[in-house]
Amino acid sequence: MTRNFFFGLSVYILAIGLNAASALADMDGLSFVGDSTVNTVEVRDKVMVYYLYFTPRCETCINIELYAREAVETGFSDEISAGTVEWHSYDIGLDEYKHYRDDYKLELKSLIMVDVRNGTPVRWKNCEKIWDLVNVKPDFLNYVQHEVREYTHKN
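Residue numbers for the sequence shown follow my numbering, so the first one is 119 and each next one is one higher.
Simulated from the structure, these hints should not be mistaken for laboratory data.
Check before you lean on any hint, since a few could be wrong.
Dumping the calculated DSS-like pairs for lysine-lysine here, alpha-carbon to alpha-carbon at most 27 Å [to be verified]:
hint	residue 1	residue 2
1	K216	K243
2	K255	K243
3	K223	K243
4	K247	K223
5	K247	K216
Pairwise CB distance ranges, derived in the manner of DEER restraints [to be verified]:
hint	residue 1	residue 2	range
6	L212	N181	17 to 23 Å
7	R267	E225	33 to 39 Å
8	C176	Y222	16 to 22 Å
9	R175	V240	28 to 34 Å
10	E246	H217	17 to 23 Å
11	K223	P256	17 to 23 Å
12	E268	E188	25 to 31 Å
13	S199	P174	32 to 38 Å
14	A200	E225	32 to 38 Å
The beta-carbon is built from N, C-alpha and C at its ideal position, and this holds for glycine as well.
With these hints in hand, go ahead and build the complete structure from the sequences.
Structure representation (structure tokens):
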């Protein structure tokens, strides 16, 4: 009987926790889909930041993703909330994301900035210096934030 009580209590607490997490996610307007941080409000002018990779990944490749995401999320939290900056990370080895290889002419794992105006991509850039800067985290963070600023026109 005691076991059943604690099992039931555990299930109840888990359900409350999941409901609370869902409510918090709904409150801030952010949706975490896969490895994406996006605002659920449709914004027609925005900067899309993509880390596009394929597996297997080495430690350096994983650090590039972690540092790039940190740079975007810490440097542009207001813009993410407003929907004018989005972060996405996709495995382009998966069928549903393979088109990115052709779209951006990719040979390596890459960080891509896309300027979207009126819902249409108008320009893009492969931030190739990430490979040179990954071993100096402050320089890497500054570089990524500078590139996002260039695309958000916030110089």
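Taking the hints in turn, this is what the structure says about them:
no., hint, result
1, K216 x K243, "holds (18 Å)"
2, K255 x K243, "holds (21 Å)"
3, K223 x K243, "holds (11 Å)"
4, K247 x K223, "holds (16 Å)"
5, K247 x K216, "holds (23 Å)"
6, L212 x N181: 17 to 23 Å, "holds (22 Å)"
7, R267 x E225: 33 to 39 Å, "violated (27 Å)"
8, C176 x Y222: 16 to 22 Å, "holds (21 Å)"
9, R175 x V240: 28 to 34 Å, "holds (30 Å)"
10, E246 x H217: 17 to 23 Å, "holds (21 Å)"
11, K223 x P256: 17 to 23 Å, "violated (30 Å)"
12, E268 x E188: 25 to 31 Å, "violated (19 Å)"
13, S199 x P174: 32 to 38 Å, "holds (34 Å)"
14, A200 x E225: 32 to 38 Å, "holds (34 Å)"
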